[in-house]
Amino acid sequence: MAEWTMQEALNAALADCLADDDRTLILGEDVGRNGGVFRVTAGLQERFGEQRVFDTPLAEAGILGTAVGLCMHGFRPIAEMQFDGFTFPAFNQLAAHVSKLRTRSGGALNLPLTLRVPSYGAIRSPEHHSESIETFCAHLPSIKVVSPSTPSEAYALLRAAVADPDPVVFLEPKSRYWSREERVAGDDLVGAGARQSGADADAERGDGYASRIVRSGSDVTLIAWGACVQRCVQAAAFAAEDGVEVEVLDLRWLKPLDVDGLVASVARTRRAVVVHEAPVTLGLGAEVAALLGERLFGTLAAPVGRVGAPDMPYPVAALEDEYLPSPDRILLAIQRTFDAVAA
Amino acid sequence: MAEWTMQEALNAALADCLADDDRTLILGEDVGRNGGVFRVTAGLQERFGEQRVFDTPLAEAGILGTAVGLCMHGFRPIAEMQFDGFTFPAFNQLAAHVSKLRTRSGGALNLPLTLRVPSYGAIRSPEHHSESIETFCAHLPSIKVVSPSTPSEAYALLRAAVADPDPVVFLEPKSRYWSREERVAGDDLVGAGARQSGADADAERGDGYASRIVRSGSDVTLIAWGACVQRCVQAAAFAAEDGVEVEVLDLRWLKPLDVDGLVASVARTRRAVVVHEAPVTLGLGAEVAALLGERLFGTLAAPVGRVGAPDMPYPVAALEDEYLPSPDRILLAIQRTFDAVAA
Amino acid sequence: MSTIESPPVTATSELLSLYAQMRRTRALNDEAIALQRQGALTGFPPCTGQEAAQVGSAAALDPAVDFAFPTYRELGAMLTLGITPLALMAPHRGLSFGGAFDAREAHVAPINAVVGGTALHAVGWAMGAKLDGEEACALTYFGDGASSQGEVHEAMNFAAIFELPVVFLCQSNGWAISTPTERQVGGGSVAARAAGYGLPGEQVDGNDVLAVRDATARAVHRARCGGGATVIEAFTYRLGPHSTSDDPSRYRDRAEEEAWESRDPIDRAREQLRGSLDDAEDHFARIEHEITLELDAVRAGLGLLQAPTMREQMELAYARMPAATRAANAAWLQDGIDG
Amino acid sequence: MSTIESPPVTATSELLSLYAQMRRTRALNDEAIALQRQGALTGFPPCTGQEAAQVGSAAALDPAVDFAFPTYRELGAMLTLGITPLALMAPHRGLSFGGAFDAREAHVAPINAVVGGTALHAVGWAMGAKLDGEEACALTYFGDGASSQGEVHEAMNFAAIFELPVVFLCQSNGWAISTPTERQVGGGSVAARAAGYGLPGEQVDGNDVLAVRDATARAVHRARCGGGATVIEAFTYRLGPHSTSDDPSRYRDRAEEEAWESRDPIDRAREQLRGSLDDAEDHFARIEHEITLELDAVRAGLGLLQAPTMREQMELAYARMPAATRAANAAWLQDGIDG
Ligand SMILES: Cc1ncc(C[n+]2csc(CCOP(=O)(O)OP(=O)(O)O)c2C)c(N)n1
Ligand SMILES: Cc1ncc(C[n+]2csc(CCOP(=O)(O)OP(=O)(O)O)c2C)c(N)n1
Ligand SMILES: [Mg+2]
Ligand SMILES: [Mg+2]
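Residue numbers (the working numbering), protein chains in the order written: chain A, 112 to 454; chain B, 112 to 454; chain C, 25 to 363; chain D, 25 to 363.
No lab work stands behind these hints, which were simulated from the structure alone. Take these hints with a grain of salt, some might be off.
Stated by the list, open to error - Residues of chain C placed beyond 12 Å of chain A at every Cβ, according to the derived structure:
(1) D229
(2) A279
(3) G360
As the list claims (entries may be wrong) - Chain D stretches covered by chain C per the calculated footprint, using a threshold of three residues with CB under 8 Å from any CB of chain C:
(4) 179-192
(5) 219-233
(6) 242-249
(7) 280-291
What the hints assert, rightly or not - One-sided excerpt, in silico: chain C residues whose CB lies under 8 Å from chain D:
(8) A58
(9) L59
(10) R61
(11) G63
(12) G118
(13) L119
(14) N181
(15) G211
Ideal placement from N, C-alpha and C gives every residue a C-beta, glycine not left out.
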């Protein structure tokens, strides 16, 4: 196929993982015969059998705890949480075990598990189905967190997550599952996340936990990941009409943060705005802003802007367009980075 | 008593809460006959009976979920998690219910519950007994978070937490339980947290969710809460010997943040360092630094310093002195705020 | 304060009213499916086939004293407990989370989607009722899938240890989305779990509305009288998809569905009534007429349901909103206008 | 790959070796308490009184094929499984979390303090063993208190649904800190929970080392042969405090403790051996002598145990540490030197 959707790309990545390494397994609620409520695991049980791809009882701690035990037996499990909001029942496993077991065991036990989580909002869901959990995961030690923004990125980053010897939380932007895109040639993709064969050679960092420049610009850097990257690209297009050249940086890895990549971009533009769906208070934007403030004090022409949610639960569907970071809000935040000196 | 320890102050606050309002209840593991593993509830079951102060089975989700249900029946429960690290089994109740139920019910259901959590490290504990959970709580909407630093503060803030009509997570600095201090006269204490009858009238904010200035200084502001306040006070004393006048700001409330108090102090000193035990990455210091960067851009003479932990699980007891924010590390961070312009 | 209800009489008049409630449920359920297809609702989890389990159990409660904790699928139970159809449509139109009603007044908890969690709220509420010396009970609904959650275990254990008036009502409807009950419930029976806590457990034909009504009434009676908690497992079947975005043909056989269609709980009640009432058809006609009127009102009212403003939604987050939060919210709203 | 062990013979020689292991456990346990009082250990959770439950169950495992998941109190089990005394003292000296041994090689999971959680790891390990076609089982230790955790329920249900080789071994030792078992375990028996999952559950006198050994061996045998999981409830008593910082006189009667002291599992085995061995006292003397030597070595070795450096501890966090993390760590360490 010349084009693919993110759902197809993720499905292909999982299929290739299962085909390449017979120690990989997929487990979760409705991932087998049903192929996942978002069809990301569609056809995999049929192809790889019930031993490799299987449904569990409806218990998230059970799923993640079982995945930990599977690692102890030398497997490489890929577990699915059905929705972001249902990661919380598994949080004790994440915080008390996934984050600690390697250290607890003095390095004897590795946890090469991947936790896939359909994430974020914007699909008119009921309560609990639109959460941004990146802060809860990224504040935990020993856990890596990644979130793709396009189909080909999703393929490459999921392969990298599964190949990683450490636990990786993989946050899938559910509102982008059906986004379609020209497929990057297969060979360029495998391991692109880890090898960083992405679009921009200049963003290349040695170990692969690198961000990527989606669009270059000299005036201000928009920083986002997952579903918000597209929002930033839109805002950048609007800004360009007004003659403002916006660089859009897709973080990809939320933990570790690509400090060098962030600093390199913002050192050029001297202005930055972070955009996410999570509440502003202690959203990942706080970390990015604090970090840029530390590294680029004196270089920054304006405070790092943060576009995110107020201190309230994700609202009812009727309000989500207003709640989510709109291009208008992003443009306003960009505008502020130019007004700042006057203030 | 002319002096009291924080353990005594907390015990007195709980006793006064139970005496003043017969809808208050205490529940948790070993809080009854045993009086809590830190003796904070000692004698309360004897005095108020097994209906008001009672032990539960060993299940933290059970404790917090039961507390939610008690609120729905018009009670005002005070639940204890035995240690910080055992809050995680209750995290689904916290994130999916405590944080959301008022909104879910369209405002019909209030949750005037207090969740007491002996917190932070420094007492040579085994794994899981030294966690800093403030980020996980403060990023959640609809939840207030507070952490006292002295016995009298502990009394007043616990009374305020219990009186609050919203859920409050109360983080007790376990390494300070046995710290002794002159007792502030009883009448000055009741509701001091909410009324803000603390040391500094100038820090007074209308609604009581206010920080307090522990020590005034004109050169740099140290920002901390809970156990780290004492560390900052020590560092400030050392700095004074070198002629650097350090202001120490005890945040008290981690959510809501006392933005006005923070900004007022740092606007004067133009330099700030946040100190906490949690990992730097997405620790509360990130939010404070981001906020100050936004509000005081152009005023700040140096980037906001952050003293916190590296990206690793809280270490074994033999390493905790090295791991925790030492006065030396704090002084180094202060020093950097003076070097910054050169850099 | 309630008087203790004695176990129920299964009079025909009672069956008729249960039947009417089931028909009403089915009609509103089908209307909601249609409305979703037309784009008037964002999604809907049908309860087709589970009307007897829901209506029968809810009818055994007295919402003046008891308190019910529904999941997302309890349309029939909530209607029976007096919640209005429009209040129940609001969530599926994206206007409300828990339903547009006052949970405190109604003694019905808001709709909740995290499976399992509200069992513990029922436990807490029941503890409160017991501490206040009320003769009242909490009933928590959950599915065969939800029975796998750790919180349900904790709830049963707490209920046992504190001898609380809780009815754990499991609708074992064959499926948790695509997972069949036998791949979900180790040992095959949720009621059988009760013994492990020293609680009575009862299995009941969930498609027999009177049997459900009676089993629940017994458990409610026991609970209100200080006899503690009961686990009831009502065997029924989710005839429809998990939700309007689910396609059951991916994971289950049409034959199984057909077998259960032939055991439709509403058909069964109708046949019973035909056997015992001379003027059954007149009653049915009256019921259908009332339903028609109600559905007309629902359709008319749906468009009038208001979305909250963002400012209103923000206010829900706190009973006492801190000044700093209020200021941040105001700035955020202002940005929405400026942006 | 293991050969399937048949149920055990209760030969005197076997009892003697179990006795020796129990004595060794008690002696090291008492030494640890003394060392804690002297300040050489930061804290210690004694297993006094539980030696039969621990040694008996661990002796039924073959650590070459099976895998054990201990809590913080499993000194006796871990010694029996071949972990060295010093490896087990390291955590209580604040030098290690899980113990200074290689969990992968030893087939013993690191010591863990979050009660309940490792039951699920046992389930996952057992699933791995089954997928790999091994004749092996996972045994998870937990207490009466831990049985209240939701994760234990999820583990039992998963084990039942996937028919996994897991032995759930509950040491019901009367107390969870200050909470007595009857205020903890609804219904009074953890073994009784098994039936609710369709699993066999067995109660055993936890102070009878051979009885524990036999019950566990049967469960291990069943598990290895594909017969699935078993729940064993070994009734015993925590004769000491919860940990060295606990004071049981606050919450329990001396009389209860005395009653259980008279049922000391080691005394019981000693009496049995005296009845069946002519040269029992010679054996006892040899055992005590060996223990004395071992304790001398422990005391000597304790001071030689090294604390990790912060850099070493940091390295444990990741199998592949990101460059950015490594750089941040280096800066943090440098600050410690500069600061
Ligand atoms: C904790 C949690 N995990 C996952 C989900 C996603 N989910 C929604 S309904 C459902 C199946 C529930 O099955 P069951 O409890 O049998 O109720 P039913 O849908 O059959 O009424 C799942 C997995 C959820 N709502 N909550
Ligand atoms: C999840 C969790 N909550 C609380 C604690 C604190 N705690 C440590 S041991 C213990 C009692 C455990 O009792 P039990 O499971 O019976 O084991 P025992 O100590 O009797 O061996 C408690 C409450 C913990 N370790 N883990
Ligand atoms: Mg179901
Ligand atoms: Mg115990």
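Once the closest CB in chain A is found, is it more than 12 Å from D229(C)?
Fine: 24 Å to the nearest Cβ keeps D229(C) off the interface.
So is the stretch 179-192 of chain D in contact with chain C by the C-beta rule, three or more residues under 8 Å, or is the coverage claim wrong?
Result for this restraint: holds, n = 6.
Minimum Cβ-Cβ distance from G360(C) to chain A exceeds 12 Å
Violated, since 6 Å does not exceed 12 Å.
Holds or violated: the hint that L119(C) contacts chain D, with Cβ atoms closer than 8 Å.
violated (33 Å)
Outcome, coverage of the stretch 219-233 of chain D by chain C - at least 3 residues whose beta-carbon is closer than 8 Å to one in that chain
holds (count 5)
Examine the stretch 280-291 of chain D for residues whose CB is less than 8 Å from any CB of chain C, and state whether their number is three or more.
violated (count 0)
Minimum beta-carbon distance criterion (8 Å), L59(C) to chain D:
violated (37 Å)
Hey, does the G211(C) contact hint survive, CB to chain D under 8 Å?
This hint holds: G211(C) lies near chain D, its Cβ roughly 3 Å from the closest one there, short of 8 Å.
Confirm or reject the statement that A279(C) sits farther than 12 Å, beta carbon to beta carbon, from all of chain A.
holds (16 Å)
Three or more residues of the stretch 242-249 of chain D near chain C by CB distance under 8 Å?
violated (count 0)
Hint check: 8 Å Cβ-Cβ cutoff, R61(C) to chain D:
Interface hint status for R61(C): violated (36 Å vs cutoff 8 Å).
Taking the least C-beta to C-beta distance, is N181(C) closer than 8 Å to chain D?
holds (4 Å)
Consistency note: the structure conflicts with the earlier hints numbered 3, 6, 7, 8, 9, 10, 11, 12 and 13.
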